[in-house]
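J.: Going down the list, the protein sequences come from chains Z and U. Going from the first sequence to my numbering is simple: count from 1 and add 56. Going from the second sequence to my numbering is simple: count from 1 and add 16.
These aren't lab readings, by the way, just hints derived from the structure by calculation. Please note that a few of the clues may not be correct.
What the hints assert, rightly or not - Within a straight-line C-alpha distance of at most 20 Å, the following computed SDA-like cross-link-like pairs (lysine to any residue) qualify: (1) U:87 - Z:154; (2) U:73 - Z:125; (3) Z:112 - Z:125; (4) Z:155 - U:32; (5) Z:110 - U:116.
It should be emphasised that the depicted structure is a prediction, and the values quoted were computed from it without experimental measurement.
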Amino acid sequence: DQQVKQNSPSLSVQEGRISILNCDYTNSMFDYFLWYKKYPAEGPTFLISISSIKDKNEDGRFTVFLNKSAKHLSLHIVPSQPGDSAVYFCAAVNNQGGKLIFGQGTELSVKP
Amino acid sequence: DGGITQSPKYLFRKEGQNVTLSCEQNLNHDAMYWYRQDPGQGLRLIYYSQIVNDFQKGDIAEGYSVSREKKESFPLTVTSAQKNPTAFYLCASSILSRNTEAFFGQGTRLTVV
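Pulled out of the complex, with its shape left as it was, chain Z reads as follows:
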């Protein structure tokens, strides 16, 4: 049972445009959400997070939006740069157990 889902395996965007990566979750006990960026053969690096008490968190070019009623979050990158090309993972934390659960990832390709 996939509790965190990223339904788009890949996304291609032109440099300078907005990249929108989506994530859905099924467990209403999740109360903290994170986005990680990963390059091949490396460990993921933390990008941005959001608590369930907020609906938006912004850090430079990266903004995460949370819609709790829809159990949906999204990561916006604007403007997109070629160096943003990587696999992006959405993750969620259960407020009862502390387990960090990941989605399948979306591979972003930003073309010059």
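The hints should help you fit chain U onto chain Z, whose structure is shown.
T.: Only chain U this time, still in chain Z's reference frame:
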């Protein structure tokens, strides 16, 4: 430098052999995790530990074992019972309080031939 270290980066083993992957952190983190990455399946949780001498199974624990004898170390053993051991293995750690990110090691690519 504080960080989390996995070794080795690449590991080859013959089918039927047990193999142990190392994970060490000097971040003073209480919680440690092991994930497995396969193409198209994201990161799946194998085991996690929130305190020394205690650990819990994740979603795909079968064929794996762990120990947490020291706060800094969380080794993962891939046993011969694991049917598809070839994968990229990632270790992570975090502080125990809520709403905090986990930090990852660089991963170990295990290939069983």
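J.: For each hint, tell me whether it holds in the structure or not.
T.: Hint-by-hint comparison with the structure:
Between residue 87 of chain U and residue 154 of chain Z the alpha-carbon distance is near 17 Å, which keeps this suggested pair within the 20 Å criterion. A hinted pair counts as satisfied when its Cα atoms are at most 20 Å apart, and residue 73 of chain U with residue 125 of chain Z does not qualify at roughly 30 Å. Distance restraint check for residue 112 of chain Z and residue 125 of chain Z: the Cα-Cα separation of roughly 14 Å lies within the 20 Å cut-off, and the hinted pair is therefore satisfied. Taking the CA atoms of residue 155 of chain Z and residue 32 of chain U, the gap is near 31 Å; set against the 20 Å cutoff, the hint is violated.
Among the hinted pairs, residue 110 of chain Z with residue 116 of chain U is consistent with the structure: their alpha-carbon atoms are about 15 Å apart, no more than 20 Å.
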